[in-house]
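Asker: Use these hints to put chain V onto chain B, whose structure you have.
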Amino acid sequence: MKILENFHSALLVNDGEAIFSALKLHPRLTPAQQFAIYADGYRIRLLAAVRSDYPALLEYVGAKNFDRLACQYIEKNPPTNYNLDFYPHEFAEFLCENYDDIFACDLARLEGAIAKVFMLPDSSPFLPEEMAKKSPEEFGEMVFPLRIASRLVRFSANVNEFLNAQRGDNSSHKPQATSQYLLIYRHNNEVQRLQLSEAAFALLSQLAAGKNVANALDDAIAQCPEFAEEIARNLQSWFAGWVGGGVFQQN
Amino acid sequence: MTGKILTSRVVPSSVYHVLGFGLGLRAPHYSEILETRPKTIDFFEIISENFIDAHSGYWDFLADLRCDYPIIMHGVSLNIGSPDALNFEYLAKLKKLADFLDVPWFSDHLCWTGANAHNSHDLLPLPYTKEMLSYIVERVKRVQDFVGREFIMENPSSYLEFAESTIPEYEFLAEIAERADCGVLLDVNNVFVSAFNHGFDAKKYIDTIPAERIAQIHLAGHSNFGTYIIDTHDKNVTDEVWKLYEYATKIKGEKSTMIEWDENIPEFSELVAELKKAREVVA
Chain B
1 MKILENFHSA LLVNDGEAIF SALKLHPRLT PAQQFAIYAD GYRIRLLAAV RSDYPALLEY
61 VGAKNFDRLA CQYIEKNPPT NYNLDFYPHE FAEFLCENYD DIFACDLARL EGAIAKVFML
121 PDSSPFLPEE MAKKSPEEFG EMVFPLRIAS RLVRFSANVN EFLNAQRGDN SSHKPQATSQ
181 YLLIYRHNNE VQRLQLSEAA FALLSQLAAG KNVANALDDA IAQCPEFAEE IARNLQSWFA
241 GWVGGGVFQQ N
Chain V
252 MTGKILTSRV VPSSVYHVLG FGLGLRAPHY SEILETRPKT IDFFEIISEN FIDAHSGYWD
312 FLADLRCDYP IIMHGVSLNI GSPDALNFEY LAKLKKLADF LDVPWFSDHL CWTGANAHNS
372 HDLLPLPYTK EMLSYIVERV KRVQDFVGRE FIMENPSSYL EFAESTIPEY EFLAEIAERA
432 DCGVLLDVNN VFVSAFNHGF DAKKYIDTIP AERIAQIHLA GHSNFGTYII DTHDKNVTDE
492 VWKLYEYATK IKGEKSTMIE WDENIPEFSE LVAELKKARE VVA
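Chains as they are written, first to last, in my numbering: chain B, 1 to 251; chain V, 252 to 534.
Bound conformation, chain V alone:
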């Protein structure tokens, strides 16, 4: 594949339908979801990489689910900030699945995952410089044009910062959204985690992201090790993050919101209960 732009976007920018309250679709819950078709869930978000290379049984499963729920694709391998060229073989697979599911948007992270053709399978931090900003803006445009759908970028959690960074992350992300004409996936837990780790004001972060650019909100649990916090997605959302979510929705309005839980995955009913809390915050 080449980097040639094949299609134009079909969704106008800055129009993000509020889908309601959703959950991350995880393997331990597949059967229960198919059997019960819970009405308390408004949409599901999948990890794109779990499906783009999977056999047709998984695609049939998604097609079945798609009859009852909108599905959103969330990726972890776009590698948008990497010195390596964009991977158009990967993007072609993303596009195929996005078209199959007719997703309203697809997302990935403000990060890089590898260099020199190696992959760390981690969301690594970027230096926030003017040069990096321009570099990412151009790459987001190419990704968005190639896939032909609205791309939204998630703020990462991070555990170190580069000395050469000259722009606060929130300004960096807001600027990308404006210049690349893409959306923002505001991970409120990541805001909290990085604010703790790097000592910035979490509310200021949220204040800076333009409301009209926020397509979706992520909530998740984290692990506090005293001197730092890691975004572990393995427990309930903390009270501090609920408060920050309440603040975000108060000043930015209601947004499509979902809970991520990827380790020590609990019973589906516990996830539904967690999502109910999100509804109550917004109500």
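Pulled out of the complex, with its shape left as it was, chain B reads as follows:
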């Protein structure tokens, strides 16, 4: 068993010297060449996995920059999960720590959130007909947990439009600094990106924390009194849209 542990350690650091003597001599290949088939394959496979989850980021930073960062990520973060699909999920965080570009960081966070939401467990949506059974008095006491497969994310650049353009909506969006608020969630087996106002984001954040509607409203407005008017004006239509769009899960 020791040889396997040594082999794996060598694989992770991309240096097989320590295990060459444990290999059977090959008539055509040196131990280094044999080891390289595995060491190179390991890195190529992980790089392909990271690339596949961040296509817009790849386009934005360019293949050379992307691969340099992804290779650093690979060297510092050996996979621990049996499922390769989970491996790229923390790359966004790594990129934000190691690449000084706010737009790239936000774009990575957006694509990382989409990848995570795609893989998170199912939950049943809270349906409009259930909402219709509730009286206005009950509404304030109700809690509206977000779907398990969801992420509320605040951005400081227009990454959502950039991603739309990259995915082929035929528009062209130049990177620009602007506050952007998104709920990324999975409904009907597809990942949705719901763009929110700052006030709506604040309210959903309070609901996501498990507060009932009355407390969520109080705390969102306490966070920023200017939200009060917008929330009062839009509360009914927001909830209709959120419930109809499958934003919340059944309690």
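Think of the hints as simulated: they come from the structure by calculation, not from any bench.
The model shown is predicted, which means the values in this text are computed figures rather than measured ones.
Worth double-checking, as some hints may not be accurate.
Here are the simulated PhoX-like pairs of lysine-lysine, each with C-alpha atoms no more than 20 Å apart in a straight line [what the hints assert, rightly or not]: (1) V:392 - V:346; (2) B:24 - V:381; (3) V:346 - B:116; (4) V:392 - V:347; (5) V:455 - V:494; (6) B:2 - V:381.
Answerer: Leaving out everything else, chain V in the frame of chain B:
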């Protein structure tokens, strides 16, 4: 989860129904398969890891497909030879999907994929020693008992051998099958690849595996780099591998056979044409 044995196997050993000729189910073909329900395909094989953590839409898709085709699960993360403990959380997910699809058997490789809680996402070679043999036999028994279905083990392709190995791979695999009472997934392309890489006789390899233990055969394309061959699954099956397949079916009898194609995946019609060649070899 713990390693406690929860269930008993429900399928008697050494009884492998011949399912016919199948294909690996790959994402670019999902829509076409659902729409056309091709009658030229007898079964589909899925990569287990592509589905065990996937959302219910994928399970619904499999359930739909399962109405018309047997589905077999083929895994890449069992990590059977690893010094690490078996991952029973992973096995529980495998079992859930296997029960959902009522698969006739499930498979993985004679290899290890990681150690010390790290995963290489590669099928790494093992030292073929008596100690490793006993170790794997016990682990296969536990896997098979836990999942409650027939497990079949695939011979890997490999690019190096350990000096401490004392048993030829074909004897090692045959011995595991007998002692663990499991089946063999004979990957004819892997036999060819490893025979080239390590200089053993491919036919002797096939001769050594007991016919009654062979549940399934894999065919795939490979890439020849002159001094070594890599099992790339990115092109047509080579003529040499077709010949070896013909030999295997001649001396071992007809077995459930499928084509694997995982990179540069072609149009579905090309895969069907490739499968037709397999039928013609056996006819």
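Asker: Does each hint hold? Answer for all of them.
Answerer: Evaluation of the provided hints:
Using a Cα cut-off of 20 Å, the hinted pair residue 392 of chain V and residue 346 of chain V holds, with the two alpha carbons roughly 15 Å apart. Distance restraint check for residue 24 of chain B and residue 381 of chain V: the Cα-Cα separation of roughly 17 Å lies within the 20 Å cut-off, and the hinted pair is therefore satisfied. Between residue 346 of chain V and residue 116 of chain B the CA atoms are separated by roughly 24 Å; this puts the pair beyond 20 Å, and the hint is violated. Among the hinted pairs, residue 392 of chain V with residue 347 of chain V is consistent with the structure: their alpha-carbon atoms are about 18 Å apart, no more than 20 Å.
For the suggested pair residue 455 of chain V and residue 494 of chain V, the alpha carbons sit about 14 Å apart, so the restraint of at most 20 Å is met. Restraint check for residue 2 of chain B and residue 381 of chain V: the C-alpha separation of about 15 Å stays at or below 20 Å, so the hint holds.
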